[in-house]
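Protein chains in written order, with the working numbering: chain A, 1 to 64; chain B, 1001 to 1626.
In case anyone wonders, no lab produced these hints; they're calculated from the structure.
None of the values given here were measured: they were computed from a predicted structure.
Some clues are possibly wrong.
Only pairs whose alpha carbons sit at most 27 Å apart, straight line, appear in this in silico DSSO-like list of lysine-lysine [said to hold, decoys possible]: (1) B:Lys1607 with B:Lys1571; (2) B:Lys1267 with A:Lys56; (3) B:Lys1572 with B:Lys1407; (4) B:Lys1571 with A:Lys8; (5) B:Lys1364 with B:Lys1385; (6) A:Lys23 with B:Lys1223; (7) B:Lys1607 with B:Lys1568; (8) B:Lys1259 with A:Lys8; (9) A:Lys8 with B:Lys1268; (10) A:Lys23 with B:Lys1268; (11) B:Lys1267 with A:Lys7; (12) A:Lys23 with B:Lys1267; (13) B:Lys1223 with A:Lys25; (14) A:Lys2 with A:Lys25; (15) A:Lys2 with A:Lys37; (16) A:Lys37 with B:Lys1491; (17) B:Lys1204 with B:Lys1216; (18) A:Lys25 with A:Lys37; (19) A:Lys25 with B:Lys1268; (20) B:Lys1259 with B:Lys1223; (21) B:Lys1259 with A:Lys7; (22) B:Lys1259 with B:Lys1145; (23) A:Lys25 with B:Lys1267.
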Amino acid sequence: MKVWLNKKEVELPAEMTVADLIKEKQFKKAAVWINGKQLLSAEYESHGFQEGDQVKILRVVAGG
Amino acid sequence: MKDAKILYVDLTNRTTKLETLDAETYRKYPGGSALGMYLMLKDMDPTVDPLSPENMLIFSVAPLTGIPISGQSRMTVTTKSPLTGTAGDSQVGGFIPAVFKANGYDAVVFTGKADSPVYLYIDSDQVQLRDASGMWGMITGDAEKWMAEDLQETKLESSIIGPAGENLVKFASIMHMRSRANGRNGVGAVMGSKNLKALVFKKKGGVRPEDQEGMKTLTGNVKERMAANEVIVDTALHGSAGVVDAHGAEGFLPAYNWKQGNFDDYKKTAGSTITREILVERDTCFACAIRCKGVVSVPGKADPEYGGPEYETCATFGSYCGNTDLGDICQANQLCNMYGLDTISCGATIAWAMDCFEQGILSKEQTDGIELKFGNGGAFEALIKKIALREPGIGSLLAEGSAAAAKTLGQEAEDLVVASKGQEWPAHMVQMKPNLAINYSANPFGADHQSSEHDPALMAPEDDQNWLWPNMLASFDRVESYGILDANKAKFALETQKFYSMMDTLCLCQFAWGPAWQLYGPQELVEFCKYGIGWDTSIEELQEIGERRINMMRIFNEKAGFTRADDKLPKKAFIPIHYGEGEVAAITEEDFEAAMDAYYDLAGWDKVTGAPTAETRARLGLDWIG
Chain A
1 MKVWLNKKEV
11 ELPAEMTVAD
21 LIKEKQFKKA
31 AVWINGKQLL
41 SAEYESHGFQ
51 EGDQVKILRV
61 VAGG
Chain B
1001 MKDAKILYVD
1011 LTNRTTKLET
1021 LDAETYRKYP
1031 GGSALGMYLM
1041 LKDMDPTVDP
1051 LSPENMLIFS
1061 VAPLTGIPIS
1071 GQSRMTVTTK
1081 SPLTGTAGDS
1091 QVGGFIPAVF
1101 KANGYDAVVF
1111 TGKADSPVYL
1121 YIDSDQVQLR
1131 DASGMWGMIT
1141 GDAEKWMAED
1151 LQETKLESSI
1161 IGPAGENLVK
1171 FASIMHMRSR
1181 ANGRNGVGAV
1191 MGSKNLKALV
1201 FKKKGGVRPE
1211 DQEGMKTLTG
1221 NVKERMAANE
1231 VIVDTALHGS
1241 AGVVDAHGAE
1251 GFLPAYNWKQ
1261 GNFDDYKKTA
1271 GSTITREILV
1281 ERDTCFACAI
1291 RCKGVVSVPG
1301 KADPEYGGPE
1311 YETCATFGSY
1321 CGNTDLGDIC
1331 QANQLCNMYG
1341 LDTISCGATI
1351 AWAMDCFEQG
1361 ILSKEQTDGI
1371 ELKFGNGGAF
1381 EALIKKIALR
1391 EPGIGSLLAE
1401 GSAAAAKTLG
1411 QEAEDLVVAS
1421 KGQEWPAHMV
1431 QMKPNLAINY
1441 SANPFGADHQ
1451 SSEHDPALMA
1461 PEDDQNWLWP
1471 NMLASFDRVE
1481 SYGILDANKA
1491 KFALETQKFY
1501 SMMDTLCLCQ
1511 FAWGPAWQLY
1521 GPQELVEFCK
1531 YGIGWDTSIE
1541 ELQEIGERRI
1551 NMMRIFNEKA
1561 GFTRADDKLP
1571 KKAFIPIHYG
1581 EGEVAAITEE
1591 DFEAAMDAYY
1601 DLAGWDKVTG
1611 APTAETRARL
1621 GLDWIG
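Construct all of the structure, not just a fragment, from the sequences and the given hints.
Given below as structure tokens:
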């Protein structure tokens, strides 16, 4: 299916979850919004995507 | 809380004296640079020349140091900084902090200046000032070997300056284990100005917690605690260098002397690349389970004896300089560790010089014939040695740090400096983390990324510790994008600054302990104080301890001539940063000034002078300061 990920159209497998996407993109700590609503981290494992979803993922990066 | 044991060392007269600070007072200034500032404000004139015998150089630990749990083995150096001219502060990890405490001391205070090179050796109540002229001029690894021979003893932990400290380079560091640094603020130059080569302890252990069973509630499940924290998992795998991967992918890795956040080849210098290609082993500090230190080997360039580059070093000698050669970065890291130089200020100063060269402000004649273009990592070896030895020409110029060097070259050069109060910026961009615009500019000892939390935490999901833990300190509003600088961020800047200030008082590692992403959070710290030393404290008392330290530094700086005018940002802070698909993150001067007004109001400081008001001083019990 096609979704908009950070304003770029991408193709995702139908069964992909938010957790899968975070792992694929190698985000360590991520903040995720789908269609303007932010998810809880507890939802990442089970939450999937739908055609045309507007997805925003930002890295939560701290110090070093 | 017990009385603090403080060893005073008068280097001029070569005498030592043990004094005690009563427990009631120590509870208000419980170690680190809170104790350091208390002693400096009592006994020192803040207007002295930092490189004069009148400056004090204070090494201190804290009541929790040495208790076997991750992240407590840290030691602070407090002094007047020759780089910034302000109160100065720097921390180190490793094993010397725990050994310092096990030898029975809470602080060692150096005053005056020895008439020839010396080092101090401590074995419990045996204290010796010994001749160091035989190792004056040696790099740190050689000096360690020399002392072992001199003392006929190998079980030692030491803090040593290299040639850079001896030559009073303004960003000279004090090194431990050849790979740990009291890096920032030029503390190594203060040590060198006193003809003091090293502080050395006989290795010993034996610091025990008050409540062993209680401590097990914190240490017993550390493996599970680590496995459940994605950031700690990454830190244990790639060290702090993993942040190159994150910032690089997001488009906020400072590149070409802060011209942009996009660095196309960042993967060549990333933490994951280090792990895959050159990592020999992971190393750690006393009792720490995280093992964040990377030890690397690059034949001909970097030996495992000198550790490996942290995130900051990967950035300052990498993207800052437009350099993608990991071997050059590791070599630069090793040379800084050998000669005793802060890798942040050194790499950043070289990057500034490259910018000046590219723009025709510095000529090839002025750079001693070095083609100082972005990307020329091959220039690092010669430059670092010239800086460390203060060779006439480019070495001597850059040894002053970028801000002071720029003053000799004119306004064009000054416009390219990225520093606050003369200390070069660490590799976190204010466009991504706007609270750092406040923290970099207002921090009493110059730009520092480990004096507050970073505000992407305010984007974290509501059920995540990165959101929950900061809200134990105060209530914050949620954030959904980069580049926002407002009153909410001002509050975040201040409240997390207090927490970090308290951690630099209690000498805690900010990877293991903190108010957002770390292994242990604010409530666990209250428990550590209770089980560790029987101290029945609270998050409120701990925040106040942190606040008191910050205010002592502001008062010191006021006496040294600093005002709000010094809490400012370099021009490059306002460059819009392009990231992602057509996204832009930027802060404006208007937003900055408004946020600073909010910050001063919350802090209880005069909005014109930047100094703590009489009311704030009284509330914090600081009205004893004249």
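Give me the numbers of the hints this structure contradicts, sorted from smallest to largest. 4, 20, 22
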